[in-house]
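Visitor: Join the two chains, each given in its own frame, into one complex according to the hints.
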Amino acid sequence: MSPPVAPPAWSRWLVPPAALSVHLSIGQAYAWSVFKPPLESSLNLSGTQSALPFQLAIVMLGLSAAFGGTLVERNGPRWAMTVALICFSSGFLISALGAETKQFWLIVLGYGFVGGIGLGIGYISPVSTLIKWFPDRPGMATGIAIMGFGGGALIASPWSAQMLKSFGSDNTGIAQTFLVLGLSYAVFMTLGVLLVRVPRVEGSQDPANTAGAPALTGVQVSANSAVRTPQFWCLWVVLCMNVTAGIGILEKAAPMITDFFADTSTPVSVSAAAGFVALLSAANMAGRIGWSSTSDLIGRKNIYRVYLGVGAVMYALIALFGDSSKPLFILCALVILSFYGGGFATVPAYLKDLFGTYQVGAIHGRLLTAWSLAGVLGPLIVNWIADHQKDAGKHGASLYDTSFIIMIGLLVIGFVANELVRPVDARHHIPAQREAADVERQQSEPA
Amino acid sequence: MSNDSSQSPPDRRPLIAFAWLWVGAPLVYGLYELILKAKQLFTG
Numbered sequence: 001m002s003p004p005v006a007p008p009a010w011s012r013w014l015v016p017p018a019a020l021s022v023h024l025s026i027g028q029a030y031a032w033s034v035f036k037p038p039l040e041s042s043l044n045l046s047g048t049q050s051a052l053p054f055q056l057a058i059v060m061l062g063l064s065a066a067f068g069g070t071l072v073e074r075n076g077p078r079w080a081m082t083v084a085l086i087c088f089s090s091g092f093l094i095s096a097l098g099a100e101t102k103q104f105w106l107i108v109l110g111y112g113f114v115g116g117i118g119l120g121i122g123y124i125s126p127v128s129t130l131i132k133w134f135p136d137r138p139g140m141a142t143g144i145a146i147m148g149f150g151g152g153a154l155i156a157s158p159w160s161a162q163m164l165k166s167f168g169s170d171n172t173g174i175a176q177t178f179l180v181l182g183l184s185y186a187v188f189m190t191l192g193v194l195l196v197r198v199p200r201v202e203g204s205q206d207p208a209n210t211a212g213a214p215a216l217t218g219v220q221v222s223a224n225s226a227v228r229t230p231q232f233w234c235l236w237v238v239l240c241m242n243v244t245a246g247i248g249i250l251e252k253a254a255p256m257i258t259d260f261f262a263d264t265s266t267p268v269s270v271s272a273a274a275g276f277v278a279l280l281s282a283a284n285m286a287g288r289i290g291w292s293s294t295s296d297l298i299g300r301k302n303i304y305r306v307y308l309g310v311g312a313v314m315y316a317l318i319a320l321f322g323d324s325s326k327p328l329f330i331l332c333a334l335v336i337l338s339f340y341g342g343g344f345a346t347v348p349a350y351l352k353d354l355f356g357t358y359q360v361g362a363i364h365g366r367l368l369t370a371w372s373l374a375g376v377l378g379p380l381i382v383n384w385i386a387d388h389q390k391d392a393g394k395h396g397a398s399l400y401d402t403s404f405i406i407m408i409g410l411l412v413i414g415f416v417a418n419e420l421v422r423p424v425d426a427r428h429h430i431p432a433q434r435e436a437a438d439v440e441r442q443q444s445e446p447a
Numbered sequence: 001m002s003n004d005s006s007q008s009p010p011d012r013r014p015l016i017a018f019a020w021l022w023v024g025a026p027l028v029y030g031l032y033e034l035i036l037k038a039k040q041l042f043t044g
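Residue numbers (our numbering), protein chains in the order written: chain E, 1 to 447; chain P, 1 to 44.
These aren't lab readings, by the way, just hints derived from the structure by calculation. Any given hint could turn out to be false.
Now the stretches of chain P that chain E is said to cover, found in silico as 3 or more residues with beta-carbon under 8 Å [as the list claims (entries may be wrong)]: (1) 13-21; (2) 24-33.
Just a few of them, taken from the derived set where beta-carbon distance is under 7 Å, the chain P residues facing chain E [claimed, not checked]: (3) 9; (4) 37; (5) 38; (6) 40; (7) 41.
Yeah, the Cβ is synthetic: ideal placement off N, Cα and C, and Gly gets one too.
Chain P with its partners taken away, still in its complex shape (with noise of 0.2 Å):
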């Protein structure tokens, strides 16, 4: 039977991609936004 300190901590990997998407993928979207009007300086 092993202790606590023998057991490998958990991966958060899957939790960290998580957060970073939950955050990001609004943010990719407001990018996006923000470069459509600002082609408009050279184009409008």
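This is chain E alone, in the form it adopts within the complex (with noise of 0.2 Å):
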């Protein structure tokens, strides 16, 4: 299949909306809480068992990212979309069809691994494309589209707890509210595969199409190259050290809240924490697609400085003050949030800077496998030291405090990582041809 060219004056503001509507959609995978008490109420599941379907969507995620990122290269972003629509939407008609016949093991099978192929298709589906598009401001186009994983569940969330008190939280209500999610979810991605659209190389670039994108030029390197050089290794530490550090707050930020400020004249009530949670997901977002954006200002490296240097900073603060000043808590919360999102978003552009647009998005997918460990180890480092502390006798912030210099250790390594990354030897350059050959084999066909 080939990718779908652009047709003249073809305008390049298309191609994020497309974008944003396979990752407003597979955001929904952070709403999968939502489910878990019916879930555990009406198929009589624990909580772990009721985690299943989600944790097996998150390995799914990253292991088809890393392992589908060369086809997404190959057959082209509206090829990857179509994959995301048809696996995202059929895994909830699989698990619509075992919450109604009350068989568990074919939610897990549709929501996670068949669904979890559609999250790791869709995350890295509009990557490549839109920094190809935007080559001027690589950070923002990426940002756009990591916002809307962010955003998804904003969406997913209040929409699917709406639909569980309309259709009931037993198993029917489930299948109900799990049909209409993933019937909508087809109808609202469809439009990505229909406006998605990969630019014309140069010299084929009608003159009318002024926003255009330039053919490739610069460094290229392929993804089997790239994961060959310290600069990959390097970016993956990074992203894996600021990813370790945005969860261990994330994970537990409800009960951390409340912890810090028990012994305080202002405790800190249940439906406060709540809306902690909540305002910790908007500077998630916000820090997507601000910071994302601000790095094509000030450079990629430079931004990475400022995540893992002054989020090292604001653990520190919280550690130090932070159970002295709920404002200061917040704040630096927040901040360590944002830098969690603008990880995330400034990577693709990153990878652009050191290995070129060539196979941008095939080296994506194989480097958020960083993501997978991160995903276990935060949560693991935070929740076994609270553990211990409080078997130890201690509570308050104090349950927190050696999973704080952990975090900033952790920081610090990302810091160093960043500070290793050069350019790219040569010698893993691909040669001009076999990149011209490439690109006139993609584009041979119209869209």
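Guide: Structure representation (structure tokens):
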């Protein structure tokens, strides 16, 4: 399947909404917690069991992004978005069948396995295309799409809760909710499939198309060569450390703010803690578009210096003074979460700077394995240490002191890894003839 | 009779507006719900 080449005078401003239609849909994954209580009561599941579909979906996200990246580059964004649409929507339909027939394994298979493939392919599907359309502002372009992944849960969470309220929280109500979600997301993502186009290469570009993107220029490295470079692994460490530090707060945000101010004159109520979590989601989303766009102005290496360096200072401030000032605690947590989102959104542009646009989507997919590890590492550190501190008789803010020191250490490791990033050695660059032949082959058929 | 090169390119602005509205409307709904929840931090 050849990628859909933009006709003359196609506007590049049609590509971000195409990307958003996919990312806003697959971002639903972070709203899975809405289904946990009704699933547990209607199918008689434990908390661990009800988390299984989500956990498998995230594992499949990492695996399909890592192993499907080359296919996405070869077949183009329309193919990738179609695969994402089919997998993500049919995952919900299979889950609806599972809920209706009370077969939990079908929900795990549908949402976790099939839907998870849709998550991974959908996540990387627009990245390479956006960077090619916006060579002048790659950070902003990928920031818009990846902000959508953060925004997906904001839509899905209240919407799903409302549907469960209307249809009922029993297995039939859950099945109906899954069915509506599956069908709605299929329609919503269709916009992306229909709108997405790859830019015409220079030479075949119509002069009227002033918003067109230029052909590939500068350093170009294939995905297979990229993973053999120290730059790739330095960035892998940078992303892993930055995400681990963010998840460290995100995972336990509600109990953390409650514990921090439990012994003060202004304790935090359950509803206020929920408000804090919502505010963190907003910071996460704003960071994706805000910091990523800023990286176009100050450079990718500098913005990661901010994420990792200032992030470490924020953690230190929370550890030292957090329990004495609620505004300071909230401000520092918001900044850390904005850096967490910014780290995700800026990394495709960083990869483009280092490896070019040739197979940047595939390289991005492989880098996302750092997310999989961080997703385990962050919660593990904070939860394990907090539990042990509690067993040791500690309470309040002191439950988290050790975790914060570890997070500072991880951010320093990430900072050093970022400092070690240098331009890629010329022996990894692909020959210009091969690059030109590949682009020619990809654009040999009309859209 | 005019050839292809003399034709003006199609106006994409309505399509751009529709596409951004398509993704913007649900996002605004999500942000509205988020603000309602976040307010609880200061009122709850």
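Visitor: Now look at each hint and say whether the structure bears it out.
Guide: The hints, checked one at a time:
Coverage of the region 13-21 of chain P by chain E holds [criterion: at least 3 residues with CB-CB distance below 8 Å; count 4]. Proximity of the region 24-33 of chain P to chain E, defined as three or more residues with a beta carbon under 8 Å from a beta carbon of that chain, is established by the 6 residues found. The interface hint given for residue 9 of chain P holds, since its Cβ lies 3 Å from the closest Cβ of chain E, which is under the 7 Å cut-off. Checking residue 37 of chain P against chain E: minimum C-beta separation of about 4 Å stays under 7 Å; hint holds.
The interface hint given for residue 38 of chain P holds, since its Cβ lies 4 Å from the closest Cβ of chain E, which is under the 7 Å cut-off. Against a cut-off of 7 Å between C-beta atoms, the interface hint on residue 40 of chain P holds, since the closest Cβ of chain E lies about 3 Å away. Below 7 Å, beta-carbon pairs count as interface contacts, and residue 41 of chain P has one with chain E at about 3 Å; its hint therefore holds.
Comparing the model with each numbered hint stated earlier shows that all of them hold.
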